[in-house]
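With the sequences and hints as input, model every part of the structure.
Respectively, the protein sequence lines represent chains F and V. Each residue of the first sequence is one higher than the one before, starting from 82 at the first, in this note's numbering. Each residue of the second sequence is one higher than the one before, starting from 426 at the first, in this note's numbering.
Quick caveat, the hints were computed from the structure, so don't treat them as lab data. Where hints are given, some of them may not hold.
[Claimed, not checked] Straight-line Cα separation of at most 20 Å, EDC-like style, residue types lysine to aspartate or glutamate; simulated pairs:
#, chain 1, residue 1, chain 2, residue 2
1, F, K360, F, D160
2, F, K360, F, D154
3, V, K549, F, E114
4, V, K549, V, D610
5, F, K360, V, D585
[Unchecked claim] Reference listing, derived: stretches of chain F covered by chain V, where coverage requires no fewer than 3 residues with Cβ under 8 Å from a Cβ of chain V:
#, stretch
6, 121-130
7, 151-160
8, 190-204
9, 215-223
10, 247-254
11, 279-291
12, 377-388
Think of the CB as a built atom: it goes at the ideal place given N, C-alpha and C, for glycine as much as any other residue.
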Amino acid sequence: MARGGGAAEMTTTELVRRSLAGGGVNLRSLAFEGVLTVALLVALGILAWLLAVIVIGGLPVFFERGTDFLTSDLSANPDRAGVAQGIVGSLMLMGFVVIVSFPLGIGAAIYLEEYARDTWGTRLINTIVRNLAGVPSIVYGLLGLAVFVVALREWTGPGNAQGQSLVSGGLTMAILVLPIVIITAAEALRAVPASIREAGFGVGATRWEVVRSHVVPYAAPGILTGTILAVARAFGETAPLIMVGAVVGGLSTSYEGVIETIQGRYTALPTTVYDWARKPADFAANTYAAIIVLLVVLLAVNALAIFLRNRLERRW
Amino acid sequence: MAPSTGAQPRALIVTDLRGSSARRRREAAVRTVFLAAAGTSVVISLLIIVSLAGEAFNFLTRVDPALLWERGWFPRRDLYGVPTIVAGTLTIAGIAMLVATPLGLGSAIYLSEYASPRVRRTLKPALEILAGIPSVVLGYFALTVISPTLVDRVCPGITDVFTMAAAGIGVGILITPLIASVAEDAMTAVPRSLREASYGLGARRRHTSIRVVVPAAVSGIVASLILGLSRGIGETMVVAIAAGGLGGSLFSINPCGPGQTMTAAMTALATGSDQVAGASLAFPSLFFVGLLLFAMTLGLNLLADRFVRRVRSGY
Numbered sequence: 082m083a084r085g086g087g088a089a090e091m092t093t094t095e096l097v098r099r100s101l102a103g104g105g106v107n108l109r110s111l112a113f114e115g116v117l118t119v120a121l122l123v124a125l126g127i128l129a130w131l132l133a134v135i136v137i138g139g140l141p142v143f144f145e146r147g148t149d150f151l152t153s154d155l156s157a158n159p160d161r162a163g164v165a166q167g168i169v170g171s172l173m174l175m176g177f178v179v180i181v182s183f184p185l186g187i188g189a190a191i192y193l194e195e196y197a198r199d200t201w202g203t204r205l206i207n208t209i210v211r212n213l214a215g216v217p218s219i220v221y222g223l224l225g226l227a228v229f230v231v232a233l234r235e236w237t238g239p240g241n242a243q244g245q246s247l248v249s250g251g252l253t254m255a256i257l258v259l260p261i262v263i264i265t266a267a268e269a270l271r272a273v274p275a276s277i278r279e280a281g282f283g284v285g286a287t288r289w290e291v292v293r294s295h296v297v298p299y300a301a302p303g304i305l306t307g308t309i310l311a312v313a314r315a316f317g318e319t320a321p322l323i324m325v326g327a328v329v330g331g332l333s334t335s336y337e338g339v340i341e342t343i344q345g346r347y348t349a350l351p352t353t354v355y356d357w358a359r360k361p362a363d364f365a366a367n368t369y370a371a372i373i374v375l376l377v378v379l380l381a382v383n384a385l386a387i388f389l390r391n392r393l394e395r396r397w
Numbered sequence: 426m427a428p429s430t431g432a433q434p435r436a437l438i439v440t441d442l443r444g445s446s447a448r449r450r451r452e453a454a455v456r457t458v459f460l461a462a463a464g465t466s467v468v469i470s471l472l473i474i475v476s477l478a479g480e481a482f483n484f485l486t487r488v489d490p491a492l493l494w495e496r497g498w499f500p501r502r503d504l505y506g507v508p509t510i511v512a513g514t515l516t517i518a519g520i521a522m523l524v525a526t527p528l529g530l531g532s533a534i535y536l537s538e539y540a541s542p543r544v545r546r547t548l549k550p551a552l553e554i555l556a557g558i559p560s561v562v563l564g565y566f567a568l569t570v571i572s573p574t575l576v577d578r579v580c581p582g583i584t585d586v587f588t589m590a591a592a593g594i595g596v597g598i599l600i601t602p603l604i605a606s607v608a609e610d611a612m613t614a615v616p617r618s619l620r621e622a623s624y625g626l627g628a629r630r631r632h633t634s635i636r637v638v639v640p641a642a643v644s645g646i647v648a649s650l651i652l653g654l655s656r657g658i659g660e661t662m663v664v665a666i667a668a669g670g671l672g673g674s675l676f677s678i679n680p681c682g683p684g685q686t687m688t689a690a691m692t693a694l695a696t697g698s699d700q701v702a703g704a705s706l707a708f709p710s711l712f713f714v715g716l717l718l719f720a721m722t723l724g725l726n727l728l729a730d731r732f733v734r735r736v737r738s739g740y
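This is the structure:
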């Protein structure tokens with residue numbers, strides 16, 4: 082009756098709009114939207130909670146010790162322990178990733194997108210690459226353990242490292258990100274319209290000439306973004322490094338030559354976090370501080386990728 | 426035809442269009458280089474299978490088969506109860522799915538169907554940041570925050586900070602963005618015309634979402650859940666830090682107690698390096714567990730792949 086009573090005072094337009102919209106607010110619909118919003122807010126709230134806990138837990142270390150935390154070596158004493166070796170180790174690992182997996186991955190992507198015909202062999206390689214990207218990272222660690230640490234010990238670390246050396250870790254990481262590099266580079270190449278290639282072929286260019294001077298330059302921003310994200314992924318990986326023997330605990334480094342360094346023992350930032358996370362509570366502040374360093378590097382790398390994508394990407 | 430001037434032009438033959446032989450040789454060489462790069466990925470996958478299978482076979486021939494079915498995983502005492510770590514893995518992956526399914530799918534439906542473009546542009550990158558948090562960080566968060574604040578309230582009278590529930594929630598947070606992003610992609614791929622047809626019949630946004638968009642995208646949504654499960658099974662660091670059971674574990678599927686998963690068992694074996702280097706079966710057992718994990722995740726990924734392909738062929 083309330084509805085009928087209200088209707089008398091309403092204009093016709095209002096009435097029609099009301100009945101078309103289904104009679105105003107529907108509680109169930111509102112509840113449904115509420116539930117969805119809560120799901121998203123919980124997910125983002127956890128992120129905020131996580132970041133708050135880390136910042137509150139770790140910042141005091143930087144206030145007390147300043148950059149000393151960044152320049153100190155690992156130590157059993159929480160007041161002197163720092164992440165210098167972890168940072169250096171992680172950066173060197175990323176060097177391997179860039180040197181090994183970028184040329185291989187981009188090359189493979191160019192073959193798959195530009196050269197390969199649609200045969201069963203090509204489809205097989207595509208399927209393998211996609212599935213390699215889904216293999217748990219710890220399995221790559223086992224691969225590194227079997228191949229680089231044990232089988233190739235003579236090359237990867239004949240000295241006291243016993244194969245558990247920087248080069249073993251670096252190559253394992255490079256293999257880990259290779260499928261990601263291939264997939265993202267292939268996507269970037271696929272986004273270049275066929276007309277660009279046809280223009281090149283039309284003036285008599287060979288396939289390589291078309292790829293080199295037309296396709297790759299246009300795909301470069303996408304390839305760059307994808308590869309940077311692959312490096313970021315590798316930067317945070319811990320499990321495979323533990324399998325191939327990145328040092329957890331103390332590390333004494335006094336290597337001189339390049340060969341000695343890459344055949345020597347190493348540690349990485351996430352492995353340091355793992356090691357400290359298992360230590361008694363007096364290492365808690367250090368753990369949070371190391372996580373801050375890790376996240377700052379990751380966020381910076383990701384921001385760089387997003388910046389490049391927005392800046393350089395073109396829409397066709 | 427252009428009018429011929431002076432000498433009679435020679436007829437154009439295929440050789441004239443081919444270019445110089447040096448150019449063709451270079452072309453072939455470049456092609457070979459790229460083919461070799463692509464072949465590397467095949468070699469790597471073969472290496473994974475060979476290295477896993479070789480040592481796993483070595484393990485299976487040397488271990489007493491009866492020990493594999495013991496309830497308990499204690500490599501140091503040569504007790505390799507595979508059901509223990511498989512049960513631990515499934516328990517933690519199950520808890521993770523309980524957390525991640527509502528959060529991930531809810532976020533996906535909201536972002537795809539409800540959020541305005543502006544809200545989407547701000548919230549989606551935030552989810553991507555969550556996806557980029559390294560698992561070792563979430564593991565520490567699970568141990569130091571989730572365990573004392575959430576798990577202690579749900580589990581009555583527990584004394585252990587290491588619980589499978591904390592690890593499971595941590596893994597769930599980790600796979601939420603993955604589920605959200607794959608499911609959202611599937612729903613965004615549903616053509617606009619289907620939604621408009623539904624609105625045209627007078628349906629609300631809620632009905633359009635549940636009865637039109639979700640059924641149309643169901644293959645992709647199922648794929649997102651399978652991928653999430655696969656990722657949860659293969660997740661290592663959260664479990665290694667927050668679930669306890671470092672030295673080994675009794676058979677347990679109690680979320681309020683510590684447990685051991687396949688991945689955590691592997692890191693425990695690798696960090697106790699004296700055990701791995703020794704003559705015991707610990708080293709080959711690592712590869713047996715790895716092979717099992719590889720087979721499980723590969724099976725799930727292939728299954729998800731089939732669902733994803735069904736989406737693609739749909740529209």
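Hints and how they fare:
1. F/K360 x F/D160: Measuring from Cα to Cα gives roughly 14 Å; hence the hint holds.
2. F/K360 x F/D154: Measuring from Cα to Cα gives roughly 17 Å; hence the hint holds.
3. V/K549 x F/E114: holds, 18 Å
4. V/K549 x V/D610: Holds, because 12 Å separates the two Cα atoms, which is no more than 20 Å.
5. F/K360 x V/D585: Distance of about 16 Å is within 20 Å: holds.
6. 121-130: This one holds; 7 residues, not fewer than the three required, reach chain V with a Cβ under 8 Å.
7. 151-160: violated (count 0)
8. 190-204: holds (count 6)
9. 215-223: holds (count 9)
10. 247-254: Coverage by chain V is violated for the stretch 247-254 of chain F (0 residues, Cβ < 8 Å).
11. 279-291: Coverage by chain V holds for the stretch 279-291 of chain F (4 residues, Cβ < 8 Å).
12. 377-388: holds (count 4)
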